[in-house]
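Protein chains: 4
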Amino acid sequence: MDKFSYDVRVRYAETDRMGVSYYANYLVWFEVARTEYFRALGVNYTEFEKRGIFLPVLSVQCSYFAPTTYDDLLTITTCVNSLKRTSLSFQYRVTRKADGVVVVEGSTVHAFTDSSFKPIRIPDEVLNVVKVALL
Amino acid sequence: MDKFSYDVRVRYAETDRMGVSYYANYLVWFEVARTEYFRALGVNYTEFEKRGIFLPVLSVQCSYFAPTTYDDLLTITTCVNSLKRTSLSFQYRVTRKADGVVVVEGSTVHAFTDSSFKPIRIPDEVLNVVKVALL
Amino acid sequence: MDKFSYDVRVRYAETDRMGVSYYANYLVWFEVARTEYFRALGVNYTEFEKRGIFLPVLSVQCSYFAPTTYDDLLTITTCVNSLKRTSLSFQYRVTRKADGVVVVEGSTVHAFTDSSFKPIRIPDEVLNVVKVALL
Amino acid sequence: MDKFSYDVRVRYAETDRMGVSYYANYLVWFEVARTEYFRALGVNYTEFEKRGIFLPVLSVQCSYFAPTTYDDLLTITTCVNSLKRTSLSFQYRVTRKADGVVVVEGSTVHAFTDSSFKPIRIPDEVLNVVKVALL
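In order, the protein sequence lines correspond to chains A, B, C and D. The opening position of the first sequence corresponds to residue -11 in the working numbering, with each subsequent residue numbered one higher. The opening position of the second sequence corresponds to residue -11 in the working numbering, with each subsequent residue numbered one higher. The opening position of the third sequence corresponds to residue -11 in the working numbering, with each subsequent residue numbered one higher. The opening position of the fourth sequence corresponds to residue -11 in the working numbering, with each subsequent residue numbered one higher.
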């Protein structure tokens, strides 16, 4: 598996009074896509945390091309586009399912760390299953 | 001190596409008022957590009388209206500062617990400073 | 259809530093369940809004029996337990899917209103399909 | 005025189970800083919206250098670092007030639009008061 897609439906809580999805919520949906990406690879992120391994975000970039709103079904497509000794990057493309329009694109960079946020080597079970790709 | 008031300004993120503050956000503002209530009493909630003492919510009730929206300045007035061996209750009244209209009233019940959510006796420094009152 | 169930998975964003789901998020999940309840009945809430019909919350009550956390799969079971001329009430029961434990119960009361929040009669297509029940 | 600073205190709701502020919340604090920046310039963003003028986000970039947590007092320093015919950019620096550590830096690009998200020229009252600067 290189690319992975997951659908989320926009909640009323996630809209703002401009009538559209509030911009910070796309970062939440990115997080949902990362969780489900790892699950699809057979890697459960909660297991990492039980072993004291965390994956905090170092940076995020996000471009907004078109608005979405309440009840829209969105497809979040993601892949790992860079894998280093202690960090990795995800790309994201958000598509409005009803019409196929790409509404948002983004990326995040993460470090693997211990519980005190000290970088550690990427765990083998991640290295073994993640396939680097580009959206 | 029996009653305590704290102002919050409605953020864009906290509105929804009905044009008003989303209903769950009042519970966040209740939490802000509780934090500042304890601070005003000289009790810092972060100190409790360092000692393994938590104050999870057992129940919440909230009534909505009028909408608020982006940039509204709201006054959250709160007091402890019940104090028991292992639990206490807060009341809240939310007033729109511009016109004095009461927009929301609510209450929460909390237990003092250890980090595994087992009830414990209310710490003395809370008992010593909290004064039971009614809004 | 009287009772309706819908699953949500707890997002990382929805947890707090106590390690559990933040209490206000259950109100968001109640909203998700209402949306899906209406959809299951063949009524699309976005269609109401296009006609200038809204369903703001008048009050909410919520009791928390056990914590949930990141990646937990939760089942929100809901039903309409009261139907009046201009208002209706929902009940909710939240169950942790892994072990069947009831973690939260709650209820909301809503008014049907126009876009200026003036109460209106419940639309016929709602009256025709909603069946009053108790959880 | 070129640079502007505004303080926010991290709410419990804004932390996650890693024990730190959830990454998307910095975008909410950026929004708070923009609102207060305009207010300090004598420009009330709600007035724009009454005239059908909106300022949606086209892109955001954010780098995370150190974590923050519940009850931390954060200073958001912002300035407009680019001003074009229909768009403008903000820079942000987030400092932990207790120790002066820069925890986050970011930027957003915005377009002035009408209510259907069609770009419009920047309103004169903005052009007249905004001073381009760099953090």
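Everything labelled a hint here was simulated from the structure, so no lab data went into it. Warning: the hint list may mix true and false statements.
Heads up, the list lumps identical chains together, so a pair's fine if it works in one copy or across two of them.
Keeping only pairs whose Cα atoms sit at most 30 Å apart, straight-line, the calculated DSBU-like set for lysine-lysine is [what the hints assert, rightly or not]:
#1 K72 / K106
#2 K85 / K106
#3 K(-9) / K38
#4 K72 / K85
For clarity, every value in this text was computed on a predicted model and none was experimentally measured.
Here is what the structure says about each hint:
1. Taking the shortest alpha-carbon separations for K72 and K106, only the intra-copy value of 16 Å comes in at or below 30 Å, while the best inter-copy value is 41 Å.
2. When the C-alpha separation of K85 and K106 is checked against a cutoff of 30 Å, the pair qualifies only between copies, where the shortest distance is 23 Å, while the shortest distance within a copy is 39 Å.
3. For the identical chains of this complex, K(-9) and K38 are intra-copy neighbours only, at 27 Å inside a copy versus 37 Å across copies, given an alpha-carbon limit of 30 Å.
4. In this homomeric assembly, K72 and K85 never come within 30 Å of each other (Cα to Cα): the closest approach is 33 Å inside a single copy and 33 Å across copies.
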